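Based on these hints, arrange chain S on the given structure of chain D.
So the protein lines, in turn, are chains D and S.
Going by full-length UniProt numbering, the residue at position 87 of the first sequence is 87; the numbering climbs one at a time, nothing skipped.
Going by full-length UniProt numbering, the residue at position 215 of the second sequence is 215; the numbering climbs one at a time, nothing skipped.
Please keep in mind that the hints were generated in silico from the structure rather than gathered at the bench.
Any given hint could turn out to be false.
Identical chains share a label here; the pair holds if one copy fits it or two copies do between them.
Stated by the list, open to error - Lysine-lysine pairs mimicking BS3-like chemistry, simulated, CA-CA at most 27 Å apart: (1) 15 x 149; (2) 149 x 136; (3) 343 x 66; (4) 66 x 15; (5) 176 x 272; (6) 149 x 369; (7) 369 x 343; (8) 252 x 272; (9) 136 x 369; (10) 136 x 37; (11) 37 x 15.
Because the structure is a prediction, the values reported are computed rather than measured.
Number of protein chains: 2
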Amino acid sequence: MTQEFLEFVSIQLIKNSKISLYVQLYDHLRELIISGKLSYGYLLPPVRKLAVFLAVNPGTVVNAYKLLEQNGYIFSRAGSGSYVAEILVNGDTEYQPAAVIEIEPLPPVTVHPGKNCLDFATVMPPPDLLPIDDFKNLLIEVLDRDQGKAFSYQDSQGFEPLRQAISTYLKEQGIKAQANNVQIISGAQQGIDIVAKAVLNYGDYVFTENPTYPGAIAAFRSRGAKIVEINMESDGINIQELEAKIRSFRPKLIYVMANIQNPTGYSYSLGKRNRLIGLARRYNVLILEDDYISELDVSDAPLAPLKALDRDQRVIYLKSFSKIFMPGLRLAFLLMPPSMVAKVLASKHNSDISTSGLTQRAFDLYLRKGIWQRHIAAIRRIYLERYQTTLAAIEQFLPPAVTCHRPRGGLTCWLALPEGVSAQQVVEAAQQQGVLLTPGTAFFPRHAPDRFIRLSFAVVCSEEILQGVRILGEIISQYCLRNIGK
Amino acid sequence: MTQEFLEFVSIQLIKNSKISLYVQLYDHLRELIISGKLSYGYLLPPVRKLAVFLAVNPGTVVNAYKLLEQNGYIFSRAGSGSYVAEILVNGDTEYQPAAVIEIEPLPPVTVHPGKNCLDFATVMPPPDLLPIDDFKNLLIEVLDRDQGKAFSYQDSQGFEPLRQAISTYLKEQGIKAQANNVQIISGAQQGIDIVAKAVLNYGDYVFTENPTYPGAIAAFRSRGAKIVEINMESDGINIQELEAKIRSFRPKLIYVMANIQNPTGYSYSLGKRNRLIGLARRYNVLILEDDYISELDVSDAPLAPLKALDRDQRVIYLKSFSKIFMPGLRLAFLLMPPSMVAKVLASKHNSDISTSGLTQRAFDLYLRKGIWQRHIAAIRRIYLERYQTTLAAIEQFLPPAVTCHRPRGGLTCWLALPEGVSAQQVVEAAQQQGVLLTPGTAFFPRHAPDRFIRLSFAVVCSEEILQGVRILGEIISQYCLRNIGK
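Chain D extracted, bound-state conformation:
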């Protein structure tokens, strides 16, 4: 045996296993790397030599190397070979990337509630809460005022008066903003996609919370980026895990929802906000803050967005006006560090040139005339009642073994079922009784645990909430009993 293969003596491949040879080899090599036996910068042997040594087909080695590369354990240099990458220094054994990171986009999740259903799955406001008449009048006002200009190409960065109105609105929320740094976009999803294009290249690392919004996972995967997830806790992301993984993977971007996170409803403590921003500065990472729903913070002391603490321009702030307003309108904005303005503008231009000028002009008036602010106040009153009813119903009807963190507001609750009860089974059983819920699995980039349910009270009235949660409670209790019976 030659000297150079000493490190690989431990590798024993089982030829008749159900696990294919290249996955076995991948696992062995991964373990050598994680354990530090092959350390950062180690040059792996050429494919053919290793294949001969292991008595396997060269294709087996090629595939194992490919998987290692996809998962960030090794990298290759043209003309030079494959090297071991920089891996977690503090041996975070909890983190084990799945063998295959899917590059394919996720299929869109669409729910088609039946007529007699109790719908706890939908998170957008029902059509009857939308301010149709107000908006119709503004559309007419804009068309009478601007005529053909309302249908001409809009600047790619967005209608300037609207950008001004947004920066004024942001100042009222405690966020310093200039119209120059505002980019108008067609909804929050486009914001994530456009920032991904501007910041991430193929193979770059991006961090997300775990669980997180599936649309973000899809956009990052479509970009060919590698997603590393950081666990969420009830007071925000796990900071120790974050720092360890930043050191190992050197991500370009961290995607967070600091206020009333989707799906958990968790909000970051002030301490974690400051530490997150500190880490971003220290390791030169950008943060994409998706301000999902902070207007519906109904607590006594609502929290400002993370962006309000961003003193040295690390945070790209993403805010949708359409989400709780008029989902079909597709209108949102980004507030950016000045260094990102040109890149994001080019990325917007490549994506769809510009956002509808008519929508921008009408919404500009909506904001300037204070109708938006009045609409939010009205919506808050309605959702405060549903929020309180939901929490009371959970307290009353769900078995005590179900955990539910009390969110600061929003449209959803995040239920953790007792050990041994399958969320998927509960959701299916509930659906058969006409209660629609979202299983938590969709929100995890990988290794989804089957014990969470997201319960939305966006389109159900108080009576329906009581009825639906009672049914859910009965179902969960039955599963708990069966569990004990086992």
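The following block gives chain S in isolation, referenced to the frame of chain D:
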């Protein structure tokens, strides 16, 4: 000298040259590959060995290899090294990729015409040609009819009645279409971006016409795809060149405008249409047909789109309603091979969830009531006059040495200046006299010749056309005279 470096003896690098060492090395290696001295599958020497042999820094070799890889001359395999790729078999010496393919997005091109300018740069219709009142009434009709639904989330594939109306409209144009295969999108640029996401992965090859629409170049580059351009001729793409390059590069996608191409105004002959589709079938390539402006084909026998010939589902058909209708509206559609529907839908969903439901609903009525068809007829009459005036003015005022192919219609003419006259200089001189034009350089992915000008008659009346072309003729004549004087 060792045996293995015999092939590299001819490489002589000049250390004090203005051309950096790695570019010199790139050029030498490229020549060895093109000339066949290093043939397909040849394993290049490891970086360090070649660096020692050439007495250069290893970084120089790494950078040269990177460039070769970016331009498709070599490819690397993890753990195995770099190999010479399959290159043009018939020695097409005309094709020489630039040393650097920029992955950075192009900056958006925006023209801000002054008040007293003669604007031959803008290609969108002036605000006073837009059907404001018709559309305003339809918006009101939709809001009264659909109320909040008009502002709710729209299906990601698009409003079903609109997709029906579009398929009916297409059948009238000779294109077989089913609503199931129609995807609504927010403008043509988004169509290119979404198809790129659905079809192209990082490093894949995509072909474009040369010259072509810069927004397509930007979208493909942003995707990390490698662009190979195929020269346009007055009867369509060069088919020999296309086939040779398909064999060498095995592209995933070919982006074409078969009718009244942007920027040249060229239209494909029937023969070239059939051969293009035949090649796509034979080599298993998809075609993205951007039907830029076929409604404005004012010839005696208007041509149907390429899609009308697509018998075995090779063509993704892209059509914007907003371009010559209401640019700020952002509305277009894709008609897809059934195999692409799910992928494109996921790609749309990842990009911006859906296109504005209000716009879709209003445009649905616009199409169903036949107002679109009437609007097109009115626009055609106006542009037919401007088209004829422009061609007559070119005949009358431009020196005979300027070549202008007679397009079948559209909004632009493509002028080829005489040898030795710089289009850039002519455009600048014209601008100083208040005549705005677009230099042709923006439309070439690389190696842009400085001899083309795109002249648009979208926003100028007949009188302005005569005045502007006269001024342009004088400027070009002066440059021609200077040329003779040299």
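Hints, verified against the model:
1. 15 x 149: neither (69 Å within a copy, 58 Å between copies)
2. 149 x 136: both (18 Å within a copy, 13 Å between copies)
3. 343 x 66: Classified as between; 24 Å across copies, 31 Å inside a copy.
4. 66 x 15: Within one copy, since 20 Å is at most 27 Å while 38 Å is not.
5. 176 x 272: within (21 Å within a copy, 58 Å between copies)
6. 149 x 369: both (21 Å within a copy, 24 Å between copies)
7. 369 x 343: Neither: 32 Å inside a chain and 42 Å across chains, both beyond 27 Å.
8. 252 x 272: within (20 Å within a copy, 46 Å between copies)
9. 136 x 369: both (14 Å within a copy, 22 Å between copies)
10. 136 x 37: neither (67 Å within a copy, 70 Å between copies)
11. 37 x 15: within (25 Å within a copy, 42 Å between copies)
Hint compliance for this structure: hints 1, 7, 10 are not met, and every other hint is.
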